[in-house]
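*Asks:* The lines below spell out each chain.
Number of protein chains: 2
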Amino acid sequence: MQVSIITIGDELLIGQIVDTNSAWLSQEVNTLGLRVKEKMSVADEEAAIVEAFDRALGHCDIVLVTGGLGPTKDDITKNTLCKYFDTHLVLHADLLEQLEAYFKSRGREINEANKMQAMLPENCKVIPNQRGTAQGMWFEKNGKVLISMPGVPHEMKSMFEQPIKQMLKEAFTPPGIFHRNIITIGMGESYIAEKIEDIEDALPDYIKLAYLPSLGKVRLRLSGYGKDEKVLQSEIDPIAAKIVERISNIFIGYDDITLEEYLGKLLKEKGAKMGTAESCTGGSIATAITSIPGSSAYYEGSVVTYSYEVKEALLGVKHETLLKFGAVSEETVSEMAKGLLSCLPVEYGIAVSGIAGPGGGTEEKPVGTVWMAVSDKDRTVSKKYNFTKNRADNIQLSTVYALNLLRMFMLGLV
Amino acid sequence: MQVSIITIGDELLIGQIVDTNSAWLSQEVNTLGLRVKEKMSVADEEAAIVEAFDRALGHCDIVLVTGGLGPTKDDITKNTLCKYFDTHLVLHADLLEQLEAYFKSRGREINEANKMQAMLPENCKVIPNQRGTAQGMWFEKNGKVLISMPGVPHEMKSMFEQPIKQMLKEAFTPPGIFHRNIITIGMGESYIAEKIEDIEDALPDYIKLAYLPSLGKVRLRLSGYGKDEKVLQSEIDPIAAKIVERISNIFIGYDDITLEEYLGKLLKEKGAKMGTAESCTGGSIATAITSIPGSSAYYEGSVVTYSYEVKEALLGVKHETLLKFGAVSEETVSEMAKGLLSCLPVEYGIAVSGIAGPGGGTEEKPVGTVWMAVSDKDRTVSKKYNFTKNRADNIQLSTVYALNLLRMFMLGLV
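The listed protein sequences correspond, in order, to chains C and X. Just so we're aligned: 513 in my numbering is position 170 of the first sequence, and the numbers increase by one with no gaps anywhere. Just so we're aligned: 649 in my numbering is position 306 of the second sequence, and the numbers increase by one with no gaps anywhere.
It should be emphasised that the hints constitute simulated quantities derived from the structure, not laboratory data. In this text, all values refer to a predicted model and were calculated from it rather than measured experimentally. Where hints are given, some of them may not hold.
Since the list gives no way to pick out one identical chain from another, each pair is judged satisfied if it fits inside one copy or across any two copies.
Straight-line alpha carbon distances no greater than 27 Å define the calculated DSS-like cross-link-like pairs of lysine-lysine that follow [stated by the list, open to error]:
1) 727 x 667
2) 708 x 732
3) 551 x 426
4) 416 x 608
5) 661 x 573
Full structure from sequences and hints, please.
*Replies:* Dropping the structure here:
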């Protein structure tokens, strides 16, 4: 069973929004044992939409469509669907009541454009939208299915999770597919590839290995196709374990674990708490840590100290240290990390100070120079990096490497 | 001149990475006056790649391809390009030397997979990669162009900016196209649409208005096609000004300005500094502010206070306040915002405390309850929101609304 994803919207083609829907849908579709053959993004234009529908229904069994269902004039997907499936719009009186109630509960009057959201094609199954005004639509034709959903991510996700996912499960019996991910941090893909070359070469042809690098991290994905899922798992898991054995010091965990979650696990196991003292990362490390639900169990707080004055006042960094060595120095980050342990009731502290760019670099300390330190009551370990990317990526890399430094510190690897 | 963008990689179809390349490329292509007709994502499979090339070259003049050029075995784009353009790989000895030097400068030996990166198709123009080992390739056929670039975003961007963009500019004379964006914050798209309905209805058919909502914000885009760019601008700018007049209290600026940049401008104009006291947002507001280069001119620092203890110690929130009203209350955020002005040398303070979820909600204060306050030395304004999204979106919305509260506070709108 092959799936095609179509995202509709001029805003996608003009690059004003990044399409996150199709990646999320792909993951969901995979968990159903279905495979995404192709993704397309097309404009809010009838001819382009119709051509995309034809193409997708031509070579796939399931077509997932997002976007173009808003109440404004640029959204033409619903009318195009009517023409395509040779039907017309009918008023759903119950839905109009719901919409009126929804607006009333928000203290607003419903307007004409929003009333139109209660008009839906006659020959589709309507998928209720619990989060907004654009309903989902499930069309069937020659044993194939086309599902139109709103483009607003949280509306689409809510609708897919309940009920579309279950409806798809019931309508399509999936073939075997199994994925196992190995999450690593701190080593490039080609070096990992060399370390496990013999394992990769010995893979049977129905098991594929892919390297998926992102800033500072590499995800190794083993995928098996075409056999019973349990059989595939029983073959893939021992291969994954063999790979992990080779690269144990950079291994974080299987599948969807993040470095932040892994650190949270380590801290909870030790019953310890942590905090951060951030300069160039400007709160990114705190944001990463607190993105994890339940992080309050091991996270007390952080300070972001952009100026000398605040570094001295909150973290007790010595004025002489800043004058003599500068804010971006081993001495300053070490004092920041140690100072944090006095400032906050934590056992572990991370400190980062660097030049994220684009300005602020000098010959001695070019843009991308970043010092970081990790402390507990007994010791402090510091490390310098020279990143070469733009501001956002330098901040992101500093965040990942600082969290990794704490990981290595806690595991006794540094 | 129509452009097609093809992103190649199993990781896109399995949803393990979000494709940000195509949105970035679309924006760049637009600035050249070229229009993206379609985007496609296909697997690392020869047949799928060839079919995508055929399709794209069939209806577009320029095809931009990213991905599938890494040194590992799953990357087959280069060999597929060779077959497609009926050529073969040749060794670029100078490139091999550069690659060896690149690895040596990083204290590493080059491996066999990376040496293969110096083998390139004979009949393409090679586009140097300053940031990695995968070179770009420029192919021409029947007056059309296909450009293959690496999938790693910063490598691709660097290569596109220099020299691909200039090469495209020289090779293709663009037709007229002009966009003007109106950035708004704090009002939904359908309400904006109602306020400007008559202006929208009076647009000529070669000027389109699109509503591009994202969390808490709506971007209105006026696009003109098919005339001289300057003529289009002279027609579109007065329309934009008319729209802005109608919605002046939610207007941030034109085109690419963000709320963070706008706030930075306001603060610099007043010669004032700001800081944040964050609980549920966990550093997100600080991260947003410091994402702007040069933010150190108006940003001193922030504290992230996840526990009662740290709220009391760093911000001087009274123990009784926390016990009586809880951390998520008007009283606590007001004390946090005022306390921040004593803790940091700033004129304006933002404080946020809420329940981001998924856990931690009560009947009285459900998940999504967020209190925020803004203070200067004279006054404090607080506001409560009830967000209904997931943890990440609740944090993001809190961040946007807190920054907007400061904007309204500084402009005297609250």
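*Asks:* Within a copy, between copies, both or neither: where do residue 661 and residue 573 come within 27 Å Cα-Cα?
*Replies:* Neither way: residue 661 and residue 573 sit 60 Å apart in one copy and 57 Å across, limit 27 Å.
*Asks:* At 27 Å max between alpha carbons, let me know whether residue 416 reaches residue 608 within a copy, between copies, both or neither.
*Replies:* For residue 416 and residue 608, the Cα distance exceeds 27 Å both inside one copy (49 Å) and across copies (34 Å).
*Asks:* Can you give me the call for residue 708 and residue 732, within, between, both or neither, at a CA distance of at most 27 Å?
*Replies:* Within one copy only: 15 Å inside a chain, 43 Å across chains, cut-off 27 Å.
*Asks:* Can you give me the call for residue 727 and residue 667, within, between, both or neither, at a CA distance of at most 27 Å?
*Replies:* within (18 Å within a copy, 46 Å between copies)
*Asks:* From the Cα coordinates, with 27 Å as the cut-off, is the pair residue 551 and residue 426 best called within, between, both, or neither?
*Replies:* between (42 Å within a copy, 23 Å between copies)
Checked against the numbered hints listed earlier, the structure breaks hints 4 and 5; every other hint is satisfied.
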